Amino acid sequence: VTQINFRDADRVRRGQLLVQLDDQLPMAQVKQAEAEVSIARANHRRNRELVEEKFIAQRAVDESAANVQVAEAKLALARATLARLKILAPFDGIAGIRSINVGDYLKDGADIVNIEDLDALYVDFRLPERFQTKVRPGQAALVEVDALPGRRYNAVIQAIDPAVDANGRSISLRGCIDNRYLQLRPGMFARVTSVFGVRENARVIPEEAIVPQSGKQYVYRLAVGPDQDTRIAQRVEVRVGMRIPGKVEITEGLQAGDVVVTAGQQRIQKDGSPVRVVDLKGGNGSAAAASGAGPAGGPVTLDVPAARSGNPCAVASGKPGGAPAPKSARPTLGG
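Start counting the sequence shown at 1; every next residue gets the next number (my numbering).
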């Protein structure tokens with residue numbers, strides 16, 4: 001190794017010279033091959049002139065033409081050998097930590113550095129087979145990673161495996177995450193929420209507010225009581241819709257803004273009992289807790305291992321192929 005033209009974690013461009021190896025001997029071989037080509041071409045020109053004067057046979061011209069081709073092939077081989085001593089970046093990306101230093105001797109196949117194109121990342125995950133008719137390329141998914149709590153990233157489903165896993169009865173999907181801010185890294189653990197649809201103005205309550213009884217679903221709605229600190233618990237039959245982890249949609253029985261009991265329902269002796277609303281985080285827990293109806297979220301959450309001028313994950317007309325594949329390469333000597 002005679003020269004290293006990048007630093008660890010540098011951005012590199014496609015075709016950029018990363019590493020220069022000692023090329024003195026191959027350079028001399030190229031010059032020798034160029035001289036041999038010049039001699040072969042000169043001999044061939046001379047032989048064509050002589051054959052026109054009938055001083056030599058046509059066979060000599062054919063042999064000199066073949067000699068030119070042999071010399072040109074040797075020159076091409078010498079140039080190819082010389083080019084292999086320049087290690088170039090195969091695509092735009094970020095260089096990792098190099099494995100070499102100036103003065104090192106490298107063997108064919110020796111690792112030099114990892115290069116990653118992180119502008120878009122793939123996240124591979126699975127869904128139960130019953131959802132196969134609800135997913136399609138171009139659909140959205142929400143991704144959360146344990147390393148960055150509280151942040152959500154949008155993924156676009158790029159591909160759906162046509163086969164169902166016979167062991168887990170699940171389908172494999174691949175989503176693409178726009179990662180141009182470089183907040184994510186390959187190998188992170190992620191949680192993916194597949195969004196099958198968005199229902200505007202949905203009435204949603206915590207699922208613990210539901211009290212099933214005799215095949216029906218009930219909640220205790222709080223009405224105005226005799227004083228400011230007391231409410232009246234009214235048992236109301238409801239019809240539930242979509243579910244998400246910890247939440248359930250109410251399609252009938254409640255209005256937006258209604259307050260429902262979420263804990264302590266067993267202490268309500270009868271419909272119309274007075275209750276006192278407390279904050280379970282700061283109260284003594286002796287009374288029923290309450291929660292208001294809120295907006296809905298997405299329906300299915302699974303734990304999965306995470307697998308990059310415009311969104312790199314855009315999908316045209318809901319069809320795959322709009323996003324480039326995330327790239328990873330490890331330039332090697334002779335590779």
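Among the hints, erroneous ones may be present.
To be verified - Derived lysine to aspartate or glutamate pairs resembling EDC-like cross-links, with alpha carbons at most 20 Å apart:
{"no.": "1", "residue 1": "K86", "residue 2": "D22"}
{"no.": "2", "residue 1": "K134", "residue 2": "D178"}
{"no.": "3", "residue 1": "K270", "residue 2": "E237"}
{"no.": "4", "residue 1": "K86", "residue 2": "D111"}
{"no.": "5", "residue 1": "K247", "residue 2": "D104"}
{"no.": "6", "residue 1": "K216", "residue 2": "E200"}
{"no.": "7", "residue 1": "K31", "residue 2": "D92"}
{"no.": "8", "residue 1": "K216", "residue 2": "D271"}
{"no.": "9", "residue 1": "K134", "residue 2": "D165"}
{"no.": "10", "residue 1": "K74", "residue 2": "E144"}
{"no.": "11", "residue 1": "K216", "residue 2": "D165"}
{"no.": "12", "residue 1": "K74", "residue 2": "E34"}
{"no.": "13", "residue 1": "K74", "residue 2": "E36"}
{"no.": "14", "residue 1": "K86", "residue 2": "D104"}
{"no.": "15", "residue 1": "K86", "residue 2": "D108"}
{"no.": "16", "residue 1": "K86", "residue 2": "D10"}
{"no.": "17", "residue 1": "K107", "residue 2": "E52"}
{"no.": "18", "residue 1": "K107", "residue 2": "D23"}
Unchecked claim - Here are the computed distance ranges between Cβ atoms for each label pair:
{"no.": "19", "residue 1": "K31", "residue 2": "I56", "range": "26 to 36 Å"}
{"no.": "20", "residue 1": "R243", "residue 2": "R169", "range": "14 to 24 Å"}
{"no.": "21", "residue 1": "I232", "residue 2": "R185", "range": "47 to 57 Å"}
{"no.": "22", "residue 1": "D111", "residue 2": "L148", "range": "23 to 33 Å"}
{"no.": "23", "residue 1": "I160", "residue 2": "N101", "range": "39 to 49 Å"}
Since the hints were made in silico from the structure, they are not lab data. For clarity, every value in this text was computed on a predicted model and none was experimentally measured. Beta carbons are placed, not taken as given, at the ideal position from N, Cα and C, and that holds for glycine.
We went through each hint and held it up to the structure:
1. K86 - D22: holds, 9 Å
2. K134 - D178: violated, 23 Å
3. K270 - E237: Holds, at roughly 14 Å.
4. K86 - D111: holds, 14 Å
5. K247 - D104: Roughly 60 Å separates the two Cα atoms, so the pair is violated.
6. K216 - E200: It is violated: about 26 Å lies between the C-alpha atoms, which goes past 20 Å.
7. K31 - D92: violated, 33 Å
8. K216 - D271: With Cα atoms ~16 Å apart, K216 and D271 stay inside 20 Å; holds.
9. K134 - D165: holds, 17 Å
10. K74 - E144: violated, 57 Å
11. K216 - D165: violated, 36 Å
12. K74 - E34: holds, 9 Å
13. K74 - E36: OK: K74 and E36 at ~9 Å, within 20 Å.
14. K86 - D104: Answer holds: K86 to D104 is near 15 Å, not above 20 Å.
15. K86 - D108: holds, 13 Å
16. K86 - D10: holds, 18 Å
17. K107 - E52: violated, 53 Å
18. K107 - D23: holds, 15 Å
19. K31 - I56: 26 to 36 Å: Taking Cβ atoms as reference, K31 and I56 lie about 30 Å apart, which means the hint holds.
20. R243 - R169: 14 to 24 Å: holds, 20 Å
21. I232 - R185: 47 to 57 Å: Holds, since I232 and R185 (Cβ atoms, about 54 Å apart) stay within the stated range.
22. D111 - L148: 23 to 33 Å: Roughly 29 Å apart at Cβ, these two residues keep to the hinted range, so it holds.
23. I160 - N101: 39 to 49 Å: Holds, at about 46 Å.
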